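In case you want the letters, here they are:
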Amino acid sequence: MTSASGLDLAAQRYISNPEIDITLKLALELNRPILVEGPAGTGKTSVAISIAQALDWKLFRIQCYEGITFENVIGEFDYKRQLLHIEFERQKQASAPSRNLEDIFSRKFFIERPLFLSFIENDPNVLLIDEIDKSDEEFEAFLLEALGERQITIPELGTFQASNEKQIVILTSNSSRDLSEPLRRRCLFLYIDFPTLARERRILAVHTGRNFDEPLIQSIAGIVHQIRQYDLRKVPSIAETIDWAKALILLGKEFIDEPTLKETITILLKYQEDINRIDHQLKEIIRLGTT
Amino acid sequence: MPITGVILEFVSMLRFFGLPISPDETITAQRAYMTLGAQEKETLRLGLRASIVKKREDLHIFDTAFEAFFNQHLIRIPPIHDAESYERARRRFLERLPDERYQELGELLLENQIDQATHAAGEMIGIGIIGSSSQVFLDEYSNLLATLRSAFNLSFGVKVPIRDLTPTQRQSLSDRTIEIAATLQLFEQRIKRNIQKKLPDEEVLSREEHPADFSSIDSFLYQDLNAYFSVTNIKEQLIEIGRILASREKRRRKRAKFGKLDFRRTFRKNLANNGTPLDLVQKRRRIQDPEIVILNDVSGSTRWAADWFFVITYAAQKVFKKIRIFEFDNTMVEVTDALKRKTIDRALEERTECWKNTLRKRRIHSDYQSSLEDFITLMKYRPLTRRTTVLILGDCRDFEGMWFRAKPASAELIEKITLPAKRVIILNPEDKKLWNTGDSVVDHYRNAGAEIFHVASLNDLIRFVFELKHN
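First to last, the protein sequences are chains A and B.
Just so you know, the working numbering puts 90 at position 90 of the first sequence, and the rest follows in order with no gaps.
To convert, take the position in the second sequence, counting from 1, and add 1000; that gives the working numbering.
Simulated from the structure, these hints should not be mistaken for lab results.
As the structure is a prediction and not an experimental result, all values here were calculated from the model.
Watch out, some of these pointers could steer you wrong.
Said to hold, decoys possible - With a straight-line Cα cutoff of 30 Å, these simulated DSS-like cross-link-like pairs (lysine-lysine) come out: (1) Lys1407(B) <-> Lys283(A); (2) Lys134(A) <-> Lys1433(B); (3) Lys1407(B) <-> Lys1433(B); (4) Lys283(A) <-> Lys1356(B); (5) Lys1356(B) <-> Lys270(A); (6) Lys134(A) <-> Lys1260(B).
To be verified - Far from chain A, some chain B residues (derived; all Cβ distances over 10 Å): (7) Leu1110; (8) Gly1122; (9) Arg1193; (10) Arg1360; (11) Arg1386; (12) Ser1440.
As the list claims (entries may be wrong) - Derived coverage of chain B by chain A (criterion: at least 3 residues anywhere in the stretch with Cβ under 8 Å from a Cβ of chain A; other residues may be distant): (13) 1020–1031; (14) 1037–1049; (15) 1053–1060.
Glycine included, C-beta positions come from ideal geometry on N, C-alpha and C.
Just chain B, with the same shape it has in the complex (with noise of 0.2 Å):
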């Protein structure tokens, strides 16, 4: 069966919005359009979503792109050939732009005015704007062209690039607007080319094509974390890694549950058989969940790693049954509740709540003594026993905490926690040579039971909360 024209240039918009349309789906979609028909526009699109759409959240994506392509297909717009024609299509533009700032550089864009026009669209967009991050602009970027575009498209009934055109297509069009269509397309690369020039990490404009590197969280020590933080798309990484180890662990766990054949329950039961083993009987082992309590440092210097630690531990969830979830600078604050919510940037709003109501007024600087003093407080109803387990993560950087006979008084209260739990490990991302410098007191907490490992990647940090299942 021939895919018509339609299908084909409305499949290659969906892709161009970036929805991964496999040619199986297409012939699919073409199917359904030959089965549908396109008489009633409401039937077609559930139609078509239902054979192209796979997951819900590209389900927005594709009704924006239907709207935007199937109105300009399914309703006529007249040619313009002469002024008058011209003016109301120009109106019609304009009217479709949302707001007034739009609408003067839709102005522009009409009056082929592409300086100016460029300018008044970098002031849009922000740049200069000291602290924005580099998807803010990216994405004001698409939707100030997605809106434009789609303004125009439906205004002109023209598709832009225009090289794209057929010949017949581009015969169809006035001078005016083929003239118009040209501005917006230099228009479109002007701008592109404005943003790469003026973004400081150019790393960031091609993320798509190279996706972020875990091997290291080093390199995202010094950096802006809220600008990645703010980025969906590692988000999303971060709860796909949790899941594939949650999956594995569960299937580990099942595998770890049978054990050899029973030979002693396989022989008796089977004596009703004249001892031919027909039932095979396996040893069972039970794995006891163990409880975890995760103490998260979440003062500057540790900051960026306890971020990418909760996110984990909300994918990972489901392993971890029996999971506490704290986090500290000067007081400690347990946080466990946000892990229940449905989404992680839920998860993430409930944790800033969770920082509302601390023990102590915070100072932002870290102290290990306040902070454990709240944590020993916190546990007070439901203590540590011998199956406990305490993470706690973080540089061993006791700032503002009180020394008392040469020795950290924070390091004493590590010891009272380490005698109840069955472990107290320290995940310190610190670079191993500035251990005990400075405020440093990693030798203080290992002497008083913690054992201490350094974390150089997150893939060491997962690694590391996930092999706690086995030990």
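Same shape as in the complex, but just chain A (with noise of 0.2 Å):
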């Protein structure tokens, strides 16, 4: 089934809502990145990578970390070879003192990088920049050009525009640094936030092959919309619900009561302090959830 963006994100099993359909649409239209954000483990990286096995795209990921560079995500010069190369062209040029040196500085001792290939790369591609709030300020800055204007330039070798017309480039952030106001200018912006429950049911569904209105997926779906109403270190995400799920149905159970939640809490509560917290309500929990 296709949606608004003419894209049929399920058949990746990737079950998107309105806002991600318009947004994507847009992005295809208007050729602007789209900036992701929302809690971690609501489905951020896996809208880029559905996205890109939709439309049968090739996906370059760059995935961000404090301290990442220039370097690493549009390459570098590699010294060795240079080192090498002129080696091996000074003892030629012994016995032929003639020839010329070649230009070290060319791509032919360049070592192209995610963002690099992306921008060179003939065919429609779509561009996954993971986690950028894990970079730093001077990464993000330098991304300005590249989102803006839709080209690198490299001082050495010159500015390269994007040779593709169609380009998704996806930006996701878990919002654990304010990122800057021009970066976020250059895109649409789009927050996933926690599936509605009817939305995790469906999720669940696709995943573990069972129908979403089987008493089993809803009483799992509600009974993590509850646990997420706490205020908990971390609230479990869409991945360790799938996980808990299937585990459940590994186990064979149909129905989920005080023991069997108690005795698989850690699958969806990583920390002892959260499990400490609604241990004495897994009852109530469980009552709401499933009712």
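Once you've looked at the hints, go ahead and assemble the two chains, each given alone in its own frame, into the complex.
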């Protein structure tokens, strides 16, 4: 089933919502990057991967981290190769002195990395810049040129304009740091929150092969929704909900009672203090989650 | 591509609500509008939202503004030409108002009774309630006007202020509608003037134009702290300062990890290359995270600084991995857990919760002796080590502590803490001239081994904490 964006993300096992579909449609039409924000584990990275699969476009991924630099995403000159080349040329010149040294700052000596590759790629592609908030401010500033003008400047090689007409750039962020205004201004904004009950049931159904109106699937989604209401250090993500559903199916459970929830709660909650916080309220959580 | 009036009007409305929308974003919104069309309201809402809003916090502002604006544009409001259509619009207007008080105010406005309406609104906003902060007045004032304006727009199909209407738009309106719109406009001006006259601190009114000054915290000393503390933008600015400092600190540490070129290792590594230095090895330094224990004096005299300090600590906690934060007046309580909350508001709530479980009954006045005794009890299972720096933020005024042999008992406890710790630093925000006067025991604490510094401003306070990382 195709959505407003014209893409069948469900076929890639990604259950979208109207907000995602419309933002995607605009990104395709207006050729603008999308900045996706939201809590961890709500499907920000998966949306980019699913788009690439649905369109059958190549995916380039940049995983940001503290200290990521220009060289890590654009590329760098191969220092060893340059040295070897100089040494080789020197020996050659000894026998044939007229020969000139080839320019060692050419593409031949340049190790190309994902951002550069995605720009020079002739075919349409998806560029995923994951967890941009983990990178430093300098890196964010460097991206402005690439996102705004769709070009990259490498001082030794010149300016490279994106050679493809169609490219979807998706930046994801968990908001661990506030991103700069200029970067935000260049992007369409999409906030993916935890899914609604109905959407989560559909997600579980797709990933477990069950029907979304089965009592077990309904209970799982309902209970996880109840748990998310608590002020926890880490609330269960969609991936953890899927894992929990798969575990319950594997254990042959058809309904969830207090002992079952107690035994399997570690799949959902990853901090002991979170487990302690809801430990005495499991009965109430099950009651509210299953009604 | 010419930008249609609808998008321009909508963008100017959003700007009025405080969203900073650039011309480039306006063009994107226009392109989104052309792409999606205005047939489906929900599609248009989501499309414009993606193009205009850039922060999660602004989403609800956008949604509210969209509802108010596009209901008017997408739903055709019949023109008011006769008594019957006026009566319908009047009913719609009153129904849209949230409660009886608002409806009474609405009636007064429809009857052009500006004086009475101003008086009624003044009572609703709460002018004259001693102790309410200026921000409360402003929020109430904005809410009241926005509610009235939105109800009027949606019922009578006209935008105020009417001076913004084009002559053609004006011609299409009945005299009665224009009259009510003018009344509403006059009412807005009147009530705004009234509030300005009654507010004790006009600076607060213009705070948005003049952001809070952090160069001196002394200016906040005798102010009603809660009034300032409830102001979201100050909290946000503090959080921002903390974040900036934290990210600078992270970068500094990253650079500090790599030292000079390690010749020995470089030569050894490149032996395989006949000594050609293909791989360079730098010396690596091991930076140990310092353990910091903060004791915040929250008794009356230093409460203001303790509150600022808590917010800053919250914002910068990523840098301080080994930090514990305690607060004291006559007893000590640990509030480290509050720092783990997701938002600063939750953290402040949790901090209040922590105060429910104190080791002894609270008396609000400073008692360094009993507080430090409690601190030693609380630290029993995780004692101080040679790597721990104890940072006390307080004025060293031991109001209720006991004295033995011409020495405060708390000085002995400071000595007891100083022995195992790396350093005990006391940051005293009180004017230096007042040190050692009255119940101030600064010299006694200094003799007990504590280092005492005067912090004159919030910036000093922040800088001090960050400098701890380098010592």
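Coverage assertion for the segment 1037–1049 of chain B with respect to chain A, Cβ distance below 8 Å, three residues required: That given contact holds, which follows from 5 residues of the segment 1037–1049 of chain B lying within Cβ reach (below 8 Å) of chain A.
Proposed proximity, Lys1433(B) with Lys134(A) (alpha carbon, max 30 Å): 46 Å, violated
Pairwise hint evaluation, Lys1260(B) against Lys134(A), where the allowed Cα distance is 30 Å at most: 27 Å, holds
Stated coverage of the segment 1020–1031 of chain B by chain A [criterion: 3+ residues, CB within 8 Å]: Check passed, 6 qualifying residues.
Check on Ser1440(B) being off the interface with chain A, judged by Cβ distance over 10 Å: Per Cβ check, Ser1440(B) is outside 10 Å of chain A; nearest 40 Å; holds.
Proximity test - 8 Å, beta-carbon atoms, the segment 1053–1060 of chain B to chain A, at least three hits: Answer holds; 5 residues pass the 8 Å Cβ test.
Consistency of the no-contact label for Arg1193(B), given chain A and a CB cut of 10 Å: 35 Å, holds
Distal placement of Leu1110(B) relative to chain A, Cβ over 10 Å: Correct as stated: the minimum Cβ-Cβ distance to chain A is 40 Å, above 10 Å.
Non-interface claim for Gly1122(B), where every Cβ of chain A lies beyond 10 Å: Given that every Cβ of chain A is farther than 10 Å from that of Gly1122(B), nearest at about 38 Å, it holds.
Whether Arg1386(B) stays farther than 10 Å from all C-beta atoms of chain A, as the label says: 29 Å, holds
Hinted pair Lys1407(B) and Lys283(A), Cα distance within 30 Å: Distance of about 58 Å is beyond 30 Å: violated.
Given pair status - Lys270(A), Lys1356(B), alpha carbons within 30 Å: 28 Å, holds
Violation of the numbered hints given earlier is confined to hints 1 and 2; the remaining hints are satisfied by the structure.
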